[in-house]
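Spelled out from the first residue to the last, the chains are:
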Amino acid sequence: MLRGLWHLTWLEIKIFLREPLGAFGTIVVPVLAFILLGKVTGGGRGVRGVPPPDLSGLLSDGGVPTLVSLLITISAVLSLVTIISIYREGGILKRLRATPLRPWTILSAHVIVKLLLTALTMTAMVLAGRRYFSIGPSVPVVSFAIALLVATLSILSIGFIIASVVPTARFAQPVGAFVFYPMIALSGLFFPIAALPPVMRVAARVLPLSHSTSLMLGIWRGEGWWAHMGNVAALAAVFVVCVAISARVFRWE
Amino acid sequence: MKQPVITVSAIRKVYGKTVAVDEVSFDVGDGEIFGLIGPNGAGKSTTMECVEGIRTPDRGSITVLGLDPRRDVYALQERIGVQLQQAQLQKRIKVWEAMHLWASLYRRSLTAGDKLLEQLGLAEKRDAWFMTLSGGQKQRLFIALALINDPEIVFLDELTTGLDPQARRTIWELVRGIRERGKTVFLTTHLMEEAERLCDRVAVIERGRVIDIDTPQRLVDRHCPERSVTLGTRDAHAGDRLARIGIVERHDDRFTIRGVGDGFVTDVIQCISENRITVTEFRTELPNLEDVFLKLTGHSIRD
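For the record, the sequence lines run as chains P and H. For the first sequence, position 58 (counting from the first letter as 1) is numbered 58 according to our numbering, and the numbering increases by one without interruption. For the second sequence, position 226 (counting from the first letter as 1) is numbered 226 according to our numbering, and the numbering increases by one without interruption.
No wet-lab data here; the hints were simulated from the structure. Worth double-checking, as some hints may not be accurate.
Examples of chain P residues toward chain H, derived with CB under 10 Å [what the hints assert, rightly or not]: (1) R3; (2) L8; (3) E12; (4) K14; (5) F16; (6) I86; (7) G91; (8) K94; (9) R95; (10) L96; (11) A98; (12) L101; (13) R102; (14) E253.
Cβ coordinates follow ideal geometry from the N, Cα and C atoms, glycine included.
Same shape as in the complex, but just chain P:
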């Protein structure tokens, strides 16, 4: 059924680009915001004699790129959750399931669309922001992208559980936001996890964002994959468990 998968994926990309604000909102806006940020902060050269804030630290320790990447990923997952709920509510999922298409093909097509668009957005941001925020040759960009992909799949798997249980499309976005954004607070990006109260510390260790953050920060700073196998294993475990749960509770109509 690969033919059906590519056909559906391509079609969903076209349909997405026809949405008002579709391409604009997901690709153009983040890139523009990034350029604007670069202009405002002077991109390392300063604005009208005011010396530039020292951003080199923000970039070199990987905190900002990790946060930005996670935010973009989460918003992509939220939009996927919303689309799936809209498709379920409109009977589109049910209609597709009444064809020889395998159920996983239908959902895979949507995941691939989101992954492609997210990758496109990130690449565009990196290229457009080059002048202001130079990543530098020491950053392992490809490894970081793979780390982000691993993190994305685990976040996505939680998104599928949300998509499985939200009653209507209207709830998809708020429920998803309510689940994901607090996770960022517990990701270790803002407060060290070790400094959290014990209960929160356990929660942070169980949730995938702390492992995503640890993995991405480490890779950005040039640490090896072996040092972060524990994070990768935790993210893989989250993925397997959440996919298994959503496979059981997913509703097609």
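Fit chain H to the known structure of chain P by using the hints.
Just chain H now, with coordinates in the frame of chain P:
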């Protein structure tokens, strides 16, 4: 009835405490238009979706084209065409894109998708977004999608609900056309007129149970043999004479005579002519499926 292509035996489906389908059995013959008729919520769609393999009954067995819709669902879906009640498509998918996608999903598909669109009167809507189509156009597109794999059986669930009478008639013509291509049509409807005009045989379903199955005409003959004739006359003796044939009700100069059987109307005409009753108005009323439904269930289908 010809060789059955669908055999449903004693299926049952329960949702929580609600019994949606209860011991439903019927056969659908090759090349016929078979209808499940009943009010909304009677179990029509659930039954149909069990046959399509989208749902699994809790009990009972189903055979479609020699296949088990549960075990061989993908093999079955290659050979059937499905239109679902209340299912939509992506808002911004174009008509030709939907046709193209659907064609790519089946091993066997009609290469002449454009010809199909033309036959269904959608040729000029080829590049239109789904969301811009009218209700009738959407339903015609769903018919086109259901036909694209040249299926042996076409399933149509409440195909004309929400359409205006003109669009409804167009759809009926198309459904008759599907049968003329040698395909079997299995449909559900809560419109008795639709069932009467389209179906070769119907199953009356109510609260998840099949009450009776036959051709619309035989159902009417069996359950509603009553006939009535209403005539207008100033003849003073008309009432007495007509009372010999059936029960007479009188409203001023208008008489309604009720009786039973095929010969009843002839008897009335004979009585008028033998007694030289001058008639200003003559109207016969024959019962239809609507009356059958009322008789079988004790309430109107619209309730």
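Does the closest beta carbon of chain H sit nearer than 10 Å to the beta carbon of P:L8? Hint on P:L8: holds, closest Cβ of chain H at ~7 Å, below 10 Å.
Using Cβ atoms only, decide whether P:K94 comes closer than 10 Å to chain H, and label the hint accordingly. With Cβ-Cβ at 6 Å, under 10 Å, it holds.
Please check whether P:G91 passes as an interface residue: C-beta within 10 Å of a C-beta belonging to chain H. holds (3 Å)
Does P:R3 meet its interface restraint, that is, does its C-beta lie within less than 10 Å of any C-beta in chain H? Because about 6 Å separates P:R3 from the closest Cβ in chain H, which is inside the 10 Å limit, the hint holds.
Take the shortest C-beta to C-beta distance between P:E12 and chain H; is it under 10 Å? OK, holds: P:E12 within 10 Å of chain H, min 8 Å.
Should the hint that P:R102 touches chain H count as held when the rule is a Cβ pair under 10 Å? Since the shortest Cβ distance to chain H is 8 Å, the answer is holds.
Can you verify the interface hint for P:F16: is its Cβ closer than 10 Å to any Cβ in chain H? Holds. Min distance 9 Å.
Have a go at the P:E253 hint: is there a Cβ in chain H nearer than 10 Å to its own Cβ? Holds. Min distance 9 Å.
Hold the hint about P:R95 up to the distance rule: shortest CB distance to chain H must be less than 10 Å. Hint holds; P:R95 Cβ to chain H Cβ min 4 Å, cut 10 Å.
Are P:L101 and chain H close enough, Cβ to Cβ, to be under 10 Å, as the hint says? With a closest approach of 6 Å, the P:L101 hint holds.
Closest C-beta approach of P:A98 to chain H relative to 10 Å, hint status: holds (4 Å)
Holds or violated: P:L96 as interface residue toward chain H, Cβ cutoff 10 Å? With a minimum Cβ separation of about 9 Å from chain H (threshold 10 Å), the hint on P:L96 holds.
Going through the hint list in order, the structure satisfies each hint without exception.
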